Structures are given as C-alpha cells and as structure tokens.
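Put chain W with the ligands on the given structure of chain H with help from the hints.
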Amino acid sequence: MKVEITINGIRTSHEVEPRTLLVHYIREVEGLTGTHVGCDTSNCGACTVHLDGEAVKSCTVLAAQADGSEVTTIEGLADGDEWHPVQQGFHECHGLQCGYCTPGMVMAAAALLEENADPTELEIRTNLEGNLCRCTGYQMIVDSVRWAADRSSQ
Amino acid sequence: MIPPQFDYTRAGSAEEAIAALTQHGDEAKLLAGGHSLIPLLKLRLAQPSVLIDIGRVKDLSYVRTEGDEVAIGALTRHRDLERSDLLAGEVPLLAEAARHVGDPQVRNRGTIGGSLSHGDGASDLPAVVLALGGTLVAQGPGGRREIAAGDFFEGFLETALAPDELLVEVRVPKAPGGWSFQKFNRRAQDWAIVGVAAATVGDSVGVGLVNMASVPVRATAVEDALASGSSAEDAAALAAEGTEAPSDIHGSSEYRQHLARVLVARALGELA
Ligand SMILES: Cc1cc2nc3c(=O)[nH]c(=O)nc-3n(C[C@H](O)[C@H](O)[C@H](O)COP(=O)(O)OP(=O)(O)OC[C@H]3O[C@@H](n4cnc5c(N)ncnc54)[C@H](O)[C@@H]3O)c2cc1C
Ligand code: FES
Ligand code: FES
Numbered sequence: 001m002k003v004e005i006t007i008n009g010i011r012t013s014h015e016v017e018p019r020t021l022l023v024h025y026i027r028e029v030e031g032l033t034g035t036h037v038g039c040d041t042s043n044c045g046a047c048t049v050h051l052d053g054e055a056v057k058s059c060t061v062l063a064a065q066a067d068g069s070e071v072t073t074i075e076g077l078a079d080g081d082e083w084h085p086v087q088q089g090f091h092e093c094h095g096l097q098c099g100y101c102t103p104g105m106v107m108a109a110a111a112l113l114e115e116n117a118d119p120t121e122l123e124i125r126t127n128l129e130g131n132l133c134r135c136t137g138y139q140m141i142v143d144s145v146r147w148a149a150d151r152s153s154q
Numbered sequence: 001m002i003p004p005q006f007d008y009t010r011a012g013s014a015e016e017a018i019a020a021l022t023q024h025g026d027e028a029k030l031l032a033g034g035h036s037l038i039p040l041l042k043l044r045l046a047q048p049s050v051l052i053d054i055g056r057v058k059d060l061s062y063v064r065t066e067g068d069e070v071a072i073g074a075l076t077r078h079r080d081l082e083r084s085d086l087l088a089g090e091v092p093l094l095a096e097a098a099r100h101v102g103d104p105q106v107r108n109r110g111t112i113g114g115s116l117s118h119g120d121g122a123s124d125l126p127a128v129v130l131a132l133g134g135t136l137v138a139q140g141p142g143g144r145r146e147i148a149a150g151d152f153f154e155g156f157l158e159t160a161l162a163p164d165e166l167l168v169e170v171r172v173p174k175a176p177g178g179w180s181f182q183k184f185n186r187r188a189q190d191w192a193i194v195g196v197a198a199a200t201v202g203d204s205v206g207v208g209l210v211n212m213a214s215v216p217v218r219a220t221a222v223e224d225a226l227a228s229g230s231s232a233e234d235a236a237a238l239a240a241e242g243t244e245a246p247s248d249i250h251g252s253s254e255y256r257q258h259l260a261r262v263l264v265a266r267a268l269g270e271l272a
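Chains as they are written, first to last, in my numbering: chain H, 1 to 154; chain W, 1 to 272.
Keep in mind that the hints are not guaranteed to be accurate.
Unchecked claim - Listed below are the simulated DSS-like cross-link pairs for lysine-lysine, each with C-alpha atoms no more than 27 Å apart in a straight line:
hint : chain 1 : residue 1 : chain 2 : residue 2
1    : H       : K2        : W       : K42
2    : W       : K58       : H       : K2
3    : W       : K174      : W       : K58
4    : W       : K29       : W       : K42
5    : H       : K2        : W       : K174
6    : W       : K29       : W       : K58
Simulated from the structure, these hints should not be mistaken for laboratory data.
Quick caveat, the model's predicted, so the values are computed rather than measured.
Here chain H stands alone, though its shape is the one from the complex (with noise of 0.2 Å):
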C-alpha cells in the first residue's frame, strides 16, 4: 500500500507493506537512523517520535496509522543550527552515557515541555515514566530537562 508521510517538514511516500511499523519506515524506509529500537515490546521508549504533536512508541503504530500526518524525528528537532532547548540541556547537564535511549528521551520529554513548561521534578520523573534508560540512574536527565525549562522560561 502506499503511504504518504511528512517527516521532519518533509513529504515522504512509499509502497510499504500494511505490517510496516513506523519506526522501520523512518530507519529503513527514510534512513533516519537517530530513531532508536531499544525493546521492540513498547516499553523502553527508545523509539518515542512525535505523531501530529504527540509522543508516541514508534515501534507500536503501523505506518499505515500515520499515513497523511507529520512525524518530528530527533533529526527534526533542532531549529536550524539551534539545538532545541531539551538537547542543549541534556548536552549542558550530562544527560546521556552511551547515548542508545537518548533521542527517545529527548522527544518525550520535549513533548512534556510542550504541555507544561516549567513542571516539577516529580511530573518529569512521572512523564518519562515510559522511557527507560540503563546507564545514567535517571537524575542527569531529569536535570537536563529542568535545565531546559528553566532556559525556556527566560
């Protein structure tokens, strides 16, 4: 089937099998490859893109769900040479180790931003929940991430 999807401002369309997920057509299909697969079982939120706005586990929705919307990929996040505020704070505060849960992290949390700007460490802790991280026990990210919010409200 075909599906028409705008990623990154971009107008993508491909012949793609309906069991296509939309993580495999943004890595395999687009070769964006800074949307990782951590789980595959949509737990670790390695895959977390945004759909029309909202986060979502890219692994757990069919292209064909997102045919006809706008993806925002961690390559489309940065506004031009300007890093977005959650990246600049995960650079600044040491929110990443090896880096593999990252992009994922960063979408969901810039997500949360878009909702509520300046929320407490708990609601970031409480809105990352679906996001998992093996090396960095958490409060790194959590600091980038007020880091981040603090910058946005200046």
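Frame of chain H, contents of chain W with the ligands only:
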C-alpha cells in the same frame, strides 16, 4: 519483531467498519489504538488476515453528559479521559484510573473502547467500568444494543461482542462522591499486580478488581457484605472470595489474594 502479513483497510465511520466486519467475518480484526493488538501481532498471538483501522472514526471520540450518566465514545483515548474536565468533576475515578494506564506514549494512542473490547483481566479500565456499573453500547448490522458491564466480559480475552459488532460507546453513572483507585505494581508504567477500583454510586458501593482472574471481575462478596451492613473491615476481608487470582513471576495466587484484601481495605477507607 515484525507483525505477520495482513491486508489493511481504513474505516471512516462505524457503519463502514461494520460493513468491513460483515464482509471479512472471522478473518478480520478492528484496530483502534493498536496498543494491545500490535504487540499480540508481533508475538503471533493474533494472526488476522485483515485489519480494519477505526482509529480515525473521530465522531466516536467524545466525553459528554447524558442525563445522570456520562457517555464516552469508544475511540476516546486514555489521554483524553485523563484530561477531561467533565470526567474530573463527574466521574473522577475514571479520570484517575486512565492516568495509571501504561505511560504517556501508551495513553496517547490507546482507547477506552480498545481496553474494554480486549477484555484483559489485567487492564485497569474494565475494573472501573465494572465498579461503576456502566453500560456498553455495541453497534452491528442490525443497529445498536446495550450490554451491562457485568455481562460483557465472558472469558479470557472474550467479550459479549459479536464478530460483526463494534463497541461504540461506554456509559457510566455520574459518581462524583466517594471513589478510590488502588494500583499495586513494582515499577512505574507496569501493569497492576493487583488493582482495585471502588466508587459510591447512589446508595451502594461498587468494587472492581484488576488481575484477580482471567477476566475483569467485581468483588461481589465485598459489595454484598457492604450492602447488608458489614463494616468496611469485615467486607474487605472477603476481597478474594470467588476470584481466581493468577500466579506468575510477579506474584503467587496467595500473594494476590492478600494484596486484594489490603487494597480493598485501603480503597474502602478512602471512600469513607
Ligand atoms: C507498554 C504498554 C503498557 C500498558 N500498560 C497498561 C496498563 O498499565 N493498564 C492497562 O489497562 N492497559 C495497559 N496497556 C494496554 C493499553 O491500555 C491499550 O491501549 C488498550 O488495552 C487497548 O486499546 P487500543 O485502543 O490500543 O486497542 P487495540 O490494540 O487497537 O485493540 C485491542 C482489541 O480490541 C478490539 N477493539 C478495539 N476497539 C474496538 C471497538 N471499538 N469495538 C470492538 N472491538 C474493538 C481489537 O480488535 C483488538 O482485538 C498497555 C499497553 C502497552 C503497549
Ligand atoms: S523500541 Fe519502542 S518502546 Fe522500546
Ligand atoms: S544513556 Fe545509555 S541507556 Fe540511557
């Protein structure tokens, strides 16, 4: 993991979905949010040859008042339940329970209709609809019919829906008074090891249990005891009566029975 092959068709309305179900019969499955079905497909636990995507039937996504009840469209997502001011005021138990389903990404996709139609005893929302004594509205080729929540869950992942029927609406009585939702799990985002939904509806108290049987169940022994004047403490002691608590890596059947008694006691404490 890649799902098995299937044909995909998108329905623009309930009528189109029913026509497609009628055409494809047992071979077809409806796809709402996909957050129960896609994982099943990946594991080959379901292998439908046709998926009928109802995710865009937008006129089945709503929360509105109808007399003494609140009507919720089957395609309403968990996120919309959690953010609904109407629910927060009139049926706070449902708004709160929705907040406990999975994580924000899951709630952005999953729907109340999918949660109920899936009929999983481990899901949170069926217990809520049972506790509230809700009504489910099914639509088939012959029109609409109503099914009491207590008659809806028939067996492991089996419901009273006919193969050519669509769940279109869930109706629950307004229950702004006492309510409690208790979910016991080890990690954030996890399914409940045991959960309890309790609400005061009119003069009586309804109690639904999560993960205490292969189907969503009510704690009828607790409800009956309360109705005949038992203390909350005595009633809570009956929480595991008549249940068939599963035993798995998260806990033995005995442990679940114990949790049910403790959580029902906490829930009834919050109602008071
Ligand atoms: C990581 C993860 C964690 C989760 N955690 C929880 C949790 O803690 N608690 C919880 O309760 N749930 C949890 N869920 C399940 C989630 O709530 C699902 O969204 C929900 O169970 C199914 O809703 P859906 O819209 O995604 O349905 P789908 O997956 O699209 O469909 C499920 C089934 O229902 C049928 N169906 C769907 N809509 C209709 C309809 N309108 N009429 C008739 N049949 C229909 C489908 O054919 C299918 O058989 C979790 C899911 C994931 C992936
Ligand atoms: S890869 Fe999608 S949630 Fe882990
Ligand atoms: S930085 Fe390694 S998994 Fe999070």
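Hint by hint, here is what the structure shows:
The straight-line distance between the Cα atoms of K2(H) and K42(W) is roughly 22 Å, inside the 27 Å bound, and the hint therefore holds. At roughly 22 Å between alpha-carbon atoms, K58(W) and K2(H) fall within 27 Å of each other, so this suggested pair holds. For a cut-off of 27 Å, the pair hint linking K174(W) to K58(W) stands: about 24 Å separates their Cα positions. Between the alpha carbons of K29(W) and K42(W) the distance comes to roughly 15 Å, so the proposed pair stays at or under 27 Å and holds.
Among the hinted pairs, K2(H) with K174(W) is inconsistent with the structure: their alpha-carbon atoms are about 45 Å apart, more than 27 Å. For the proposed pair K29(W) and K58(W), the alpha carbon gap of about 19 Å is at most 27 Å, so the pair holds.
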